[in-house]
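Residue numbers (UniProt numbering), protein chains in the order written: chain A, 1 to 327; chain B, 1 to 536.
Please note that the accuracy of each hint is not assured.
Computed beta-carbon distance windows for the label pairs [unchecked claim]:
1) 110/B - 167/A: 28 to 38 Å
2) 23/B - 70/A: 40 to 50 Å
3) 2/B - 252/A: 34 to 44 Å
4) 109/B - 18/A: 55 to 65 Å
5) 115/A - 514/B: 32 to 42 Å
6) 291/B - 133/A: 47 to 57 Å
Keep in mind the hints are simulated off the structure, nothing from the lab.
None of these values were measured; they are calculated from a predicted model.
Ideal placement from N, C-alpha and C gives every residue a C-beta, glycine not left out.
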Amino acid sequence: MSDAVSVAGLVKTFGATRALDGLDLVVRTGEVHGFLGPNGAGKSTTLRILLGLTRADAGTALLLGADPWAGAPELHRRLAYVPGDVTLWPNLSGGEVIDLLGRLRGGVDRRRRADLLERFDLDPRKKGRAYSKGNRQKVALVAALASDVELLLLDEPTSGLDPLMEEVFRDVIREEQRRGDRTVLLSSHILAEVEALCDRLTIIRDGRAVETGTLAGLRHLTRTFVEADLAGPADGLAGLPGVHDLRTENGRVLFDVDTDALGPVLGRLATAGVRGLVSRPPTLEELFLRHYHRTGATASTTSTGSATSTGSTASTASAGESAEASR
Amino acid sequence: MSTLTGTGGLVRLILRRDRALMPVWVVIPCLIPVAFVSAFDAGYPTAQARAAYAATSVHNAAFTVTYGPLSGSGLGELVTWRAGFIPVVVALAAVLMVVRHTRAEEEAGRRELIGATAVGRHAGLAAALAATCGAALVLGLLSALALTGAGLPATGSLAYGLGLAAAGWVFAGVGAVAAQLTSGAGGARGAGITVLVAAFLLRGAGDVSARSGGGLGGLSWLSPIGWAHRMRPFAGERWWVLGLAACAVAALTASAAALSARRDLGGGLFQARLGPATAAPGLRTPLALAWRLHRGPLLARAAGFTVLGLVLGGIAQSVGELLDGGSPAARDALARLGGRGALADQYLTAMMTLLGLVAAGYAVQAVLRLRAEESGGRAEPLLAAPVGRLRWAGGHLAFGLLGPAAGLVLAGAAAGLAHGMNTGHVGRELPRLLGAALAELPAVWVFAGLAFALAGLLPRLAAGAFAVLAASLLLGWVGAELRLGGWVTGLSVFAHVPPLPGGDLSVPPLAVLTALAAALTGLGLLGLRHRDLPVG
Ligand SMILES: Nc1ncnc2c1ncn2[C@@H]1O[C@H](COP(=O)(O)OP(=O)(O)O)[C@@H](O)[C@H]1O
Ligand SMILES: [Mg+2]
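Could you put the whole structure together from the sequences, leaning on the hints where they help?
Dropping the structure here:
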């Protein structure tokens with residue numbers, strides 16, 4: 001089966017701004033793919049290119065196996081989109097918008113529509129300007145989810161939703177996931193959401209993919225924090241590969257260790273005699289923050305590269321450096 | 001923190017945002033009466049000629065409705081009477097400006113951004129009123145200066161100028177109240193303009209009644225538009241009428257402030273009603289959506305074109321009588337402005353150009369709806385559905401082409417009906433004036449095409465179509481008066497429309513204009529096909 005989305009070397013400039021700078025992105029058919037990145041990283045621009053609304057300057061993009069620009073209106077029969085900033089027509093009710101968008105795509109499933117309206121607790125009779133941001137978002141979500149399509153492109157769909165509604169959104173996406181034949185590309189800022197929903201994810205910064213892979217795979221890129229109360233001196237710990245930030249406080253040693261270097265380090269601790277041990281597993285937050293920080297972009301040491309890293313080694317490493325500096 | 005904290009800063013923000021727009025509506029109304037001074041000087045050089053002109057005009061009910069009562073035959077009286085529609089223009093500008101800086105800001109969500117900073121609750125309203133009233137005062141003083149400079153007595157000129165300013169102030173207040181009532185800026189504008197039209201009709205009815213000895217002369221005192229005339233510039237000025245205007249302004253401002261204190265940000269007194277939970281079966285295509293978006297403005301404009309046609313056609317017959325007493329120079333002046341033939345037809349020809357201009361304004365506005373949809377983010381969800389860009393754009397283009405056509409048909413038919421009933425030849429006048437109105441259509445379509453081409457190729461400059469329209473208007477109007485070369489006046493699109501109903505119908509220019517409109521539309525489609533969407 002071919003990939004639902006496959007993008008390679010995509011470049012898009014707006015005047016002096018380089019919104020996309022050689023982006024690679026592959027979304028496999030049937031998966032929920034998280035698309036993460038700081039504000040202005042180029043997520044919305046990517047989605048607009050995939051929709052054939054904006055034309056890329058260089059690179060290739062395939063959507064459901066076809067060129068999104070040339071195949072624009074026909075391809076859209078097979079997908080639904082929730083824009084990042086939903087605005088509605090002031091004189092149309094939410095229900096009218098849902099029906100219009102659904103009919104344009106070829107029909108609305110009345111049962112599903114009613115079910116979604118109830119779950120999202122949305123009054124479809126209000127006019128566009130009477131909805132709050134969150135409710136406008138819900139209108140777009142119901143319109144997209146009520147249609148029977150292969151691919152959902154969601155641009156930060158839960159921004160503005162309250163936690164209760166966010167939970168409903170997750171439930172609905174999980175149901176889609178269980179059906180197995182729908183692909184979801186979910187641009188998001190909310191880590192918990194991505195952790196809860198996504199099979200794989202891509203992190204984008206400055207128009208380039210810096211990480212891509214499964215959640216478990218990406219955790220390997222992070223460091224585990226270790227705090228140990230040792231019986232004797234742990235000579236040579238500092239010299240082991242993968243150990244960072246070693247320091248001693250009240251007779252305990254504290255350090256960070258690259259996850260794939262954990263084994264030898266624990267062996268060395270054991271020889272020194274462990275009286276107490278605290279270790280904190282890597283969080284996605286840490287991984288995230290490393291990529292979100294923009295400082296220290298010139299550093300080029302301590303490669304943390306691994307098989308799952310698609311970004312340039314230099315950029316990954318520099319992000320690691322900056323994360324260290326900011327601790 | 002007082003409720004007015006930050007007003008000064010907001011006034012500066014308004015001046016910054018309107019620095020291009022405001023000079024236009026402040027300066028142009030000052031120039032028009034000056035042009036009338038030279039026109040009357042040339043056309044009616046002697047006191048005798050002016051007295052004869054006044055004696056004819058004073059009995060013309062249609063003129064009384066349009067311009068107000070004529071108080072005497074002095075040059076100043078004639079000029080200010082002939083300029084009697086300017087208070088309406090100023091009032092309209094004031095309503096639009098206040099709504100633009102209050103309710104429209106609120107609707108766009110920008111008011112909230114400012115409301116969260118250290119500004120007082122009433123600062124936004126106060127700033128909009130202060131900027132608008134200030135602009136109206138400048139307009140009044142400039143008008144007074146201009147008339148004095150043209151040789152009219154200073155006292156009368158000042159009374160005329162302050163009368164204009166007062167009309168602006170009162171309608172700024174009307175706009176402020178209207179902005180509190182509805183939650184949409186469109187509704188607020190509609191409410192303000194309805195009050196303006198009512199004031200205009202009230203003044204007209206009162207003045208006609210007073211002229212014909214009826215008992216309703218007092219009506220025009222109820223109309224703020226009438227107060228400018230009641231100040232009797234150049235005819236024994238009545239300054240105390242300004243006090244009346246001041247009281248009205250105070251009352252309106254206080255009401256607006258009270259209403260604004262009582263409602264929530266973004267809310268109105270008239271809450272938007274609930275809509276249907278499901279869409280009507282027909283709402284399933286981009287064209288059906290375009291109809292939903294355009295039908296309100298279309299129906300309002302259809303009514304407007306009909307009224308315009310009835311009034312303009314109704315006046316036609318009396319025009320011939322009016323100019324009989326004028327000098328050859330007056331007829332010459334009109335010949336330069338319009339077509340050949342009988343005076344009534346000359347007048348009607350000029351009015352057809354006016355209808356064409358109004359229709360072109362509507363055409364540009366309707367086509368630019370497309371841009372508003374795009375930059376407002378409402379095009380994106382449609383284009384992400386299986387809707388081609390050209391199909392989406394075509395829906396709006398259709399209303400930009402057919403809406404003005406419908407307007408011209410209604411205005412032409414209404415003018416023909418009114419003029420035909422006055423002359424007793426409905427069967428002759430109706431088709432003749434309908435045809436004359438439709439002859440404007442190719443020129444109108446050129447403007448629709450221009451706006452569409454800009455939207456496709458230079459989306460951020462699309463509003464420039466309005467500038468081209470305004471330039472066309474000025475060239476056609478001033479060019480004849482100033483005896484500019486033919487190639488200069490030829491730049492005005494409307495210069496190429498055959499002068500109907502007076503002159504001969506010649507098809508080639510109409511064909512060329514139609515072809516130009518089609519070419520521009522094609523360019524727009526080409527641009528839309530190839531460019532990124534949406535462009536903010
Ligand atoms: N139409 C546009 N014109 C100019 N710059 C744009 C346009 N769209 C996006 N950009 C710029 O491109 C970059 C990426 O934007 P975007 O894709 O919206 O980021 P994200 O959705 O990840 O926050 C930003 O720097 C933004 O300012
Ligand atoms: Mg975005």
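Q: Identify every previously stated hint that the structure contradicts and give their numbers, smallest first.
A: 3, 4, 5, 6
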